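**Q** For the protein sequence lines, the chains are A and B, in the order given. Note that the working numbering has the first sequence beginning at -14, numbered continuously upward. Note that the working numbering has the second sequence beginning at -14, numbered continuously upward.
Worth flagging that the hints you see were computed from the coordinates, not collected in a lab. A quick note: this is a predicted structure, and the numbers were derived from the prediction, not measured. Don't take every hint at face value.
Any copy, or any two copies together, can satisfy a pair, since identical chains are not distinguished.
[Stated by the list, open to error] In silico EDC-like links for lysine to aspartate or glutamate, alpha-carbon gap of 20 Å or less:
{"hint": "1", "residue 1": "56", "residue 2": "126"}
{"hint": "2", "residue 1": "52", "residue 2": "25"}
{"hint": "3", "residue 1": "63", "residue 2": "25"}
{"hint": "4", "residue 1": "54", "residue 2": "21"}
{"hint": "5", "residue 1": "63", "residue 2": "105"}
{"hint": "6", "residue 1": "54", "residue 2": "15"}
{"hint": "7", "residue 1": "54", "residue 2": "126"}
{"hint": "8", "residue 1": "63", "residue 2": "46"}
{"hint": "9", "residue 1": "63", "residue 2": "49"}
{"hint": "10", "residue 1": "63", "residue 2": "126"}
{"hint": "11", "residue 1": "52", "residue 2": "105"}
Number of protein chains: 2
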Amino acid sequence: MTVEVPVIGRALSPWRRREDAPHQPSAAPDAEGVLEIDAEYRAGLADLASFDRVWVIFLFDRSEGWKAKVKPPRGGPKRGVFATRAPHRPSRIGLTSVALTGVDIDAGLVNVKGIDLLDETPILDLKPYIRGVDAWPDASDGWLAPYLATAPALKKPRRPDG
Amino acid sequence: MTVEVPVIGRALSPWRRREDAPHQPSAAPDAEGVLEIDAEYRAGLADLASFDRVWVIFLFDRSEGWKAKVKPPRGGPKRGVFATRAPHRPSRIGLTSVALTGVDIDAGLVNVKGIDLLDETPILDLKPYIRGVDAWPDASDGWLAPYLATAPALKKPRRPDG
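Only chain A is shown next, with the shape it has when bound in the complex (with noise of 0.2 Å):
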């Protein structure tokens, strides 16, 4: 059984080739980019400019197939997929948060910080962070905590005409 999704509009983003992208938005917190809205969506847009983070929903376009078990980048075994966030997933679906620097509901434009989308990923959805439900800061890292000690190198973001 499938569903079907309609998609929203698309990220434009320094991030043009997989290999330069963060594996998270932790990684490049500084990388700026632009969610563009399509036309027929943007009423939507109302009152999202009150919050300062936004989840993106998202397209990993780019993923070829789904594996049940994935390496990760950090190191050690395969994992299982659903205990990872890697693009290799049955849904393709991407989730991440960015900060949101400002909305131009008329031109369907959203600035962000902190995106680790690659340029061109379809948007699915977007949704207001909302702390009360959303941040768990005692959450358990799982089987990632012996990795988290050595954090990967920072990258610093490409611009597309850069």
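Start from chain A and add chain B according to the hints.
**A** Chain B only, in chain A's frame:
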């Protein structure tokens, strides 16, 4: 443009009717549920049990069409749908984090607590909650701020057989 997304399983939950379900998991922190994952996807559940929270990406399958502006359950004027977590979204995709209490990989059963999904809700993806990228306890509450002072009354889950 649309994309096709496979359903990987479904939620078994005490919430049978829309009018009974909490609007967010924080309104029913003790509601227990099971995420039943289809056989072909079960191997992907490996290592998930090491985390204590999990993101559930699901389909609001009982949502009837999307609206650019929606009336929030807490009151006040209509808000842009992307500034809410309402079901009436173009994608019909929902996002909720739940506490993980057990995983049976062979049976494809993920036991969770704090579930706000309706019984039989289709599941599209599971991801580990990773506090380093997901927890932003200082994020603003946006337009919701004045409404959060008056939290909704807690609802008690009813067992499907009760």
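**Q** For every hint, state whether the structure bears it out.
**A** Right, here's what the structure says about each hint:
no., hint, verdict
1, 56 <-> 126, "within (17 Å within a copy, 37 Å between copies)"
2, 52 <-> 25, "between (35 Å within a copy, 11 Å between copies)"
3, 63 <-> 25, "between (42 Å within a copy, 18 Å between copies)"
4, 54 <-> 21, "between (33 Å within a copy, 19 Å between copies)"
5, 63 <-> 105, "neither (29 Å within a copy, 31 Å between copies)"
6, 54 <-> 15, "neither (31 Å within a copy, 31 Å between copies)"
7, 54 <-> 126, "within (19 Å within a copy, 37 Å between copies)"
8, 63 <-> 46, "neither (22 Å within a copy, 33 Å between copies)"
9, 63 <-> 49, "within (18 Å within a copy, 40 Å between copies)"
10, 63 <-> 126, "within (17 Å within a copy, 38 Å between copies)"
11, 52 <-> 105, "neither (24 Å within a copy, 26 Å between copies)"
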